[in-house]
Amino acid sequence: MVEYILIIISAVFVNNIALSRFLGICPFMGVSNKVNTALGMSGAVAFVMVIATLVTFYIQKLLVSCGIDFLQTIAFILVIASLVQMVEIVLKKVSPSLYQALGVFLPLITTNCTVLGVAIDVHNLTMGVSEEPYGVGAAVIYALSNAIGYGLALTIFAGLREQLELADVPEGMKGVPVAFITAGILALAFMGFAGLFQSIA
Amino acid sequence: MDNKNSKFEIFSKGLIKENPVLVLILGMCPTLGVTSSAINGLGMGLATTFVLLFSNIIISIIKDLIPDKVHIPAYIIVIASLVTILQLLLKGYLPALDESLGLFIPLIVVNCVVLGRAEAFACKNNVVDSALDGLGMGLGFALALTILGAIREILGVGSIFGYKFLAGDGIIGFVLAPGAFIVLGYMVAIAKKLKK
Numbered sequence: 125m126v127e128y129i130l131i132i133i134s135a136v137f138v139n140n141i142a143l144s145r146f147l148g149i150c151p152f153m154g155v156s157n158k159v160n161t162a163l164g165m166s167g168a169v170a171f172v173m174v175i176a177t178l179v180t181f182y183i184q185k186l187l188v189s190c191g192i193d194f195l196q197t198i199a200f201i202l203v204i205a206s207l208v209q210m211v212e213i214v215l216k217k218v219s220p221s222l223y224q225a226l227g228v229f230l231p232l233i234t235t236n237c238t239v240l241g242v243a244i245d246v247h248n249l250t251m252g253v254s255e256e257p258y259g260v261g262a263a264v265i266y267a268l269s270n271a272i273g274y275g276l277a278l279t280i281f282a283g284l285r286e287q288l289e290l291a292d293v294p295e296g297m298k299g300v301p302v303a304f305i306t307a308g309i310l311a312l313a314f315m316g317f318a319g320l321f322q323s324i325a
Numbered sequence: 241m242d243n244k245n246s247k248f249e250i251f252s253k254g255l256i257k258e259n260p261v262l263v264l265i266l267g268m269c270p271t272l273g274v275t276s277s278a279i280n281g282l283g284m285g286l287a288t289t290f291v292l293l294f295s296n297i298i299i300s301i302i303k304d305l306i307p308d309k310v311h312i313p314a315y316i317i318v319i320a321s322l323v324t325i326l327q328l329l330l331k332g333y334l335p336a337l338d339e340s341l342g343l344f345i346p347l348i349v350v351n352c353v354v355l356g357r358a359e360a361f362a363c364k365n366n367v368v369d370s371a372l373d374g375l376g377m378g379l380g381f382a383l384a385l386t387i388l389g390a391i392r393e394i395l396g397v398g399s400i401f402g403y404k405f406l407a408g409d410g411i412i413g414f415v416l417a418p419g420a421f422i423v424l425g426y427m428v429a430i431a432k433k434l435k436k
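Protein chains in written order, with the working numbering: chain P, 125 to 325; chain W, 241 to 436.
Honestly, the hints are just simulated from the structure, not real lab data.
Here the structure is a predicted model, which is why all the values come from computation and not from measurement.
Just so you know, even glycine gets a beta-carbon here, dropped at the ideal spot from N, CA and C.
Among these hints, one or two may not hold up.
Partner residues are not named here, just some residues of chain W that face chain P (Cβ under 10 Å, in silico) [what the hints assert, rightly or not]:
#1 G267
#2 P313
#3 A390
#4 Y403
#5 G410
#6 I411
Within a straight-line C-alpha distance of at most 20 Å, the following computed EDC-like cross-link-like pairs (lysine to aspartate or glutamate) qualify [unchecked claim]:
#7 P:K216 to P:E127
#8 W:K309 to W:E258
#9 W:K433 to W:E258
#10 W:K309 to P:D193
#11 W:K247 to W:D409
#12 W:K331 to P:E289
#13 W:K364 to W:D308
#14 W:K247 to W:D338
#15 W:K404 to W:E258
#16 W:K435 to P:D193
#17 P:K158 to P:E286
#18 W:K433 to P:E286
#19 P:K158 to P:D292
#20 W:K432 to P:E295
#21 W:K433 to P:D193
#22 W:K436 to W:D308
#23 W:K303 to W:E258
#24 W:K433 to W:D369
#25 W:K253 to W:D409
#26 W:K436 to P:E289
#27 W:K435 to W:D308
#28 W:K432 to P:D292
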């Protein structure tokens, strides 16, 4: 149980996927103008990331048993791309309201490197306490907590950028430069969580 | 326009005028993720250049054979195969670089610079132009990453390309995550100013 709690805290706060590991920065900059869009994107990422991690977990087992695990990158990206398509189709049929909320973001997720990153990541990690590799349960929890961490960072950042619209920013720094610097300060704030992890472990 | 000049134009626009990192703001994940030192930035830049050059060449050769409906999946397969080749080459010949770039090597597949150039340039132009475009864009990417890595390394640990010129510690924050965002923010602002 302790391992799972450590995975969650570490992925959401300490090693936040966007602010400390720099994955998914393109959409982080792209869709973070409004809190609502940020929430929609976070939901879509969480949805796809958990399913993709679950599916690729078994794909990797299959690849290893056939001795072709060097095809990991190709296999994973194809699985993720088709999965995104499939999720889109199923969601449209099953839950039109959810599709309305997440629809526009789904196609963007194929090239969101958080999904591929986490899917590859779970095969290289070991449980903090024992040295055994992640089981399927830990992999799903890891994916979910990374998605929550990504959503958290994205939403906070969107809130900051909404405020930034009203601020008097020097001419040369307007737009992207000041967004980066804001993200830098946010990352600085997240560094404060590093101590938290040590005191629990 | 003089033919030779326009060829040079295709190559050189990626370096400064349309620099993928500083002007087009593409490929942010590896840009921020691996540039804790100048040598890592250069390594990542050259690795991406390799993929970009060959993906542009291959895609411009096969562009007429691919049905329009499946062109994106087809491009992704080409890019993913090249990344796999790169992964195996790095593991074999430069294991230290492979170790320090880690997860970001397979993530070249989803680097929007690579797919972006395939979609914006290679699928409309001939092989030579596409190769020049890929090389220019790749070197522009490498240039931006090396500068970013060098600035972070100088401020963060007081060394450059691993050569230490300051005794003691630097401002450690520049090697860690916040420094990446802040230095890149200022670089984009300076690039914007220079472009005007």
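Each hint, compared with the structure:
no.: 1; hint: G267; verdict: holds, 8 Å
no.: 2; hint: P313; verdict: holds, 6 Å
no.: 3; hint: A390; verdict: violated, 18 Å
no.: 4; hint: Y403; verdict: violated, 26 Å
no.: 5; hint: G410; verdict: violated, 16 Å
no.: 6; hint: I411; verdict: violated, 12 Å
no.: 7; hint: P:K216 to P:E127; verdict: violated, 37 Å
no.: 8; hint: W:K309 to W:E258; verdict: violated, 29 Å
no.: 9; hint: W:K433 to W:E258; verdict: holds, 14 Å
no.: 10; hint: W:K309 to P:D193; verdict: violated, 29 Å
no.: 11; hint: W:K247 to W:D409; verdict: violated, 46 Å
no.: 12; hint: W:K331 to P:E289; verdict: violated, 46 Å
no.: 13; hint: W:K364 to W:D308; verdict: holds, 13 Å
no.: 14; hint: W:K247 to W:D338; verdict: violated, 34 Å
no.: 15; hint: W:K404 to W:E258; verdict: violated, 33 Å
no.: 16; hint: W:K435 to P:D193; verdict: violated, 46 Å
no.: 17; hint: P:K158 to P:E286; verdict: holds, 6 Å
no.: 18; hint: W:K433 to P:E286; verdict: violated, 25 Å
no.: 19; hint: P:K158 to P:D292; verdict: holds, 19 Å
no.: 20; hint: W:K432 to P:E295; verdict: holds, 11 Å
no.: 21; hint: W:K433 to P:D193; verdict: violated, 47 Å
no.: 22; hint: W:K436 to W:D308; verdict: violated, 38 Å
no.: 23; hint: W:K303 to W:E258; verdict: violated, 24 Å
no.: 24; hint: W:K433 to W:D369; verdict: violated, 29 Å
no.: 25; hint: W:K253 to W:D409; verdict: violated, 38 Å
no.: 26; hint: W:K436 to P:E289; verdict: violated, 23 Å
no.: 27; hint: W:K435 to W:D308; verdict: violated, 36 Å
no.: 28; hint: W:K432 to P:D292; verdict: holds, 18 Å
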